[in-house]
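Residue numbers (my numbering), protein chains in the order written: chain A, 437 to 779; chain B, 437 to 779.
What the hints contain is simulated information worked out from the structure, not anything from laboratory work.
Do not take every clue at face value.
Which copy is meant is left open, so a pair is good if it fits within one copy or across any two.
30 Å max Cα-Cα, derived DSSO-like pairs, lysine-lysine [what the hints assert, rightly or not]: (1) K651 x K699; (2) K505 x K651; (3) K651 x K512; (4) K691 x K706; (5) K512 x K530.
Just so it is clear, the structure is predicted and the values come from calculations on it, not from any experiment.
Number of protein chains: 2
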Amino acid sequence: MRIVLDGMGSDTCPEPELVAVLEARQKFGDEVILVGPEDQLRPRLQALAGDNPPVKLVHAPEVITMEDKGLALALKAKRKGSKTSLAVGIDLVKNGEADAFVTAGNTGGAMATAYYRLGPIAGLERPGLAGLFPVQGGDCVVLDIGANPDCKPEHLVQFAVMGAVYAQSLLRIQSPRVGLLSNGEEPGKGNELVRATYPLLAASGLNFIGNVEGKELYGGAADVVVMDGFTGNILLKSSEAVAKLITDTISSEIKASKSLRTKLGGLLVKPALKGALMKKLDPAEVGAARLLGVNGLVLIGHGRSDSRALVSAIRMAREAVQANLMDNLRASIQAHLSKSQDQ
Amino acid sequence: MRIVLDGMGSDTCPEPELVAVLEARQKFGDEVILVGPEDQLRPRLQALAGDNPPVKLVHAPEVITMEDKGLALALKAKRKGSKTSLAVGIDLVKNGEADAFVTAGNTGGAMATAYYRLGPIAGLERPGLAGLFPVQGGDCVVLDIGANPDCKPEHLVQFAVMGAVYAQSLLRIQSPRVGLLSNGEEPGKGNELVRATYPLLAASGLNFIGNVEGKELYGGAADVVVMDGFTGNILLKSSEAVAKLITDTISSEIKASKSLRTKLGGLLVKPALKGALMKKLDPAEVGAARLLGVNGLVLIGHGRSDSRALVSAIRMAREAVQANLMDNLRASIQAHLSKSQDQ
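In isolation and in its complexed conformation, chain A is listed as follows (with noise of 0.2 Å):
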């Protein structure tokens, strides 16, 4: 097993990456591959461990920041030669010379820089961004969260093929319940997407257990949900911006009361307020989101990832490389596509 890691890739790198790679190295045993600028990152790993430390660094001079945008970050993505940390990471994974590649740096760029150098998983047409949702009783694997903010029905089937297959290989739930996103539970509920996806999810052989609402997400009513990657994006960043709305209100509520007894309490609560929040909400434990679809594994961890949570998105890469996702990807579209030419 070889992990690969951006050294680039979170907004305080390299820092939380030094340590993650040789915490992992520790925690797992296996090889951890660190990819980035030499100059940058030898000596600063040296100093953590040592003249000869555990971890093998591969060069990469040049990075693609949170600053890199639009058109231009299109283009670098693309570039052939490119020197970056994701495309020789991403080109390790390619050549066979790691099982999986795991960045906390630009979602756009890590996505487009994989499409160009890994290509699509055969048959399928859009590779899509997944991330799993803590819900009541468990998780739930939600996508596209941003990969396509313009899909076609057929896309939504696939992105359900694709996360069934998550929510068996990983979550080992044998007959994942697959919902899709919509404006009201009815079948004739949504938009025209969603209205023209419904009879394709019907007829697909999964699982479907039809429309569900924020409240079924949450509630933990299915395993897998799907939806464009526009409203999967929208979704995800106002979950969080709700949940911040919310800790920051009772904390400051807590601070601002006049109330000794207030005041106490919030005090003596604090540590298991702190728990609750961080297990639910934390993106050291959300983890990072898959780019299902392309060939090879592909983590996409927050740009706010401390160590911690790249150990767990190196601990999922691994979870990925031994349930052996890609080739059950690869298995199920295939077989989604027979069945659907048959058809």
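Given the coordinates of chain A, assemble chain B onto it according to the supplied hints.
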């Protein structure tokens, strides 16, 4: 000032409605009209307020319930001689016998009934459902939260015009900051609809601040945020669901805790937590959604509304009448249309 309340709207109707009309009558002093089946409402009203209750009762024998859905609902709402409480109540506004209509009933039924009976404001293509979202430091007018699952760019511009009038008239913001909900802040981000809407909003003469994400919306960066009704409905319902998940998690974490410290702290802090969350998330505080763009003031509350939520919706209706919202909406739509024609 004469406000009509649908007697048969909320999930536990008519009790909350009966209490609300009596309370509103006492609180605001002006006429309140209750509409619904007289044989059901009169005895209960008299039981609460004596033989001559200070509230006018208008008979409507039929009811649209939460179970009415899809095409059947549309037909029921469209029927010309309809005697549902929605139809009779909205007709009072149409015929000038009342100034605004408030219901906590079936949102789709209320929107369809209002649209068919009142018609859209001259020149307007699509009425929009506007909600007032609690955000950092105040409120944000968000629309469309469910009237139009499929929209064209011009619809979103008209929503922005109406949302700005709402913020001016009711939040007293002179030059409301208008945002476009998107999956990224940069101008090129968004789905097809958002990318086509951006230049129209930039040229609209409104105080357009560009694309906003959940963070900016809930962070209070805009006074008005527009989107299609599918996306808005997903935003609304997933926000509610996340809020519920978090508060449930906190309270179950405190309950399940074995630590005496946490248990004690939980008891002490409970009223403050409740206060903070109620203020931010209670439908009674958030109030009702307004259907903007039909020829009459129509407010639609949450089905879960209690009497306090209904009184709060009646207060919102009164404020809209006092602020001359209808005339302001008509004038702004006219101004927008002639500006668009000039271009």
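Quiz item: Among the hints numbered above, which are violated by the structure, and what are their numbers in rising order?
Solution: none
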